[in-house]
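S.K.: Each chain, written out:
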Amino acid sequence: MFDDLRDLYQEVILDHGRKPRNFRRLEDADRTARGDNPMCGDRMELFVKLTPDGAIEDAAFQGRGCAISMASASLMTETVRGKSPAAARELGEHFRNLAMTGTCPDCGGALEEEMERLQPLSGVHEFPSRVKCATLAWHTLNAALEGSGKEATSE
Amino acid sequence: MNAPIVNPSGAPVFDIERIRQDFPILAQQHRGKPLVFLDSGASAQKPRQVIQAMVRCMEERYANVHRGAYRLSEASTADYEAARAAVARFINAADPREVIFTSNSTAAINLVAHSWGRGVLRPGQAVLISEMEHHANIVPWQLLRDDKGIELRVARVTDAGELDLEDLAAKLADGKVGLVAITHMSNVLGTVTPAERIVAMAHEAGAKVLFDGSQAAVHRRVDMQALGADFYAFTGHKLYGPTGIGVLWARLEHQERMPPFLGGGDMISSVTFEGSTWAEPPAKFEAGTPPIIEAIGLHAAIDYVSAIGMPAVEAHERALVDHAMRRLSDVEGLTLLGRAQDRGGVFAFALDNAHAHDLATLLDRAGIAVRAGRHCAEPLHARFGLDGGTCRASFGLYTTEGEIDYLAEALTKAREFFA
Ligand SMILES: Cc1ncc(COP(=O)(O)O)c(C=O)c1O
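Residue numbers (our numbering), protein chains in the order written: chain A, 1 to 155; chain B, 1001 to 1419.
Worth flagging that the hints you see were computed from the coordinates, not collected in a lab.
Heads up, some of the hints might be wrong.
Simulated pairs of lysine to aspartate or glutamate, EDC-like, Cα-Cα distance not exceeding 20 Å [said to hold, decoys possible]:
1. Lys-1413/B with Asp-15/A
2. Lys-1413/B with Asp-7/A
3. Lys-132/A with Asp-1387/B
4. Lys-1413/B with Glu-11/A
5. Lys-1033/B with Glu-126/A
6. Lys-1413/B with Asp-3/A
7. Lys-19/A with Asp-1352/B
8. Lys-83/A with Glu-146/A
9. Lys-132/A with Asp-1364/B
10. Lys-1033/B with Glu-11/A
All chains, full assembly: derive it from the sequences and hints.
M.R.: This is the structure:
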């Protein structure tokens, strides 16, 4: 009945959804932000620790939500580690493209490897109501990096 | 598929296949699968009779109402007022003037909160709602509380999803409650509240009563004269009518005491720059050009369900509820929210290994439309520890037992998918 949904719910996503990586508080975080999708009830709190020169040393999150939002946050915390805030933001832009259109023609170059890791989430582009589940974590990361202290939503 | 439902005289009155043919949208396929529309609680599909009545209005009898002394405007005014009379008959109101047209339930409840709430309730009095309210029957009272210094009380819901009448009584006891504003049927739990009991308890304590009948009016015959409430709100689009029209039934004595809510054309008797006088109720509360075409559509919808007969609609739904209760209880890992004795065809549920949104995406793939989230009842989901939301299947006239079987089967497969 649901075999064709394996494109959306690839094994990687189900796995990260069930057992999200970096699912913990960072007590010594330099930046935190909350993300909320009021419509879905997805909620997360993101923690970022920076190195002395401002790169992302560690990222972790806690929260609850659908498999897509949890998997996306989990994969994000893995891929942004070691990135400068600017690179993390650029990666987020690429990812939003991927989530909305299914491809990202300009995503080669320095971030190619990271984009490959995020590729399993590209299936959401066929599900307009689910795109924001995938992008919530990245909106929250931007809010954390800006240090605006505002709650992020992907509305 | 369904056993024919038999009325007391023994004749089958509910021909589901014929009913389904009245709803053009139900013929749709979704990825090669028939559409299984289980979101009628959010908004119902429309029968051809409603669609055609609205088209006919625009093609043949349309002009603004209450304004022109020419044939078309007179025809349109007559049709608009005939719609009001039809609503009055449908809910057995004592007088058509008790029927105020609004844009939906939300607007109807806000009208009471703004006008009666600000004009008649006094600071220090309380409004008593329940834990199972839709946001439309929570937020207007919070606004009133913040604006006017009234108290907002919340009656509890039991674990079975029923209104806790003891708690309701306790919260009425000090006589400070000026209004009990409660749903007549929960849009999440399906619970039908004991409306007559609530009216008796409230009136005994000196409080007026508003029912949010958005769900109940669709599923049962509601009778204003028998019920004896003060205000009753419902919305056209859930009753197989168009969007953009709702009803506030309000006793004339309350309408007399209520200041206008919106000001403008149609609600005045005379205007000078020094001041204005108001039209008689219900026009006083219908400022501006009303939803004319929508009123015609609502009239057609009421004629449609009345021809089938609300008792038959209710019997069909009762059979569906019993069937769904059996079939959904058999699905492993499925939690049903609410097990009220008296309930309508609304089932909120959660699967133990899938989030509501993931589940809804799967069901969509199977052609099944259900709602996922908190269904505008966030406090109720918090009450049951389901902040992440639930999926909700809600039934209409055209829902079949076969569709419920298909849902149960899809839920079992969905659980395997996420295993
Ligand atoms: C119980 C209840 N109250 C109020 C509403 C609001 O109806 P509307 O959006 O038409 O104003 C709904 C439907 O969404 C409902 O189910």
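S.K.: If you test the structure against every hint from before, which numbers come out violated?
M.R.: 10
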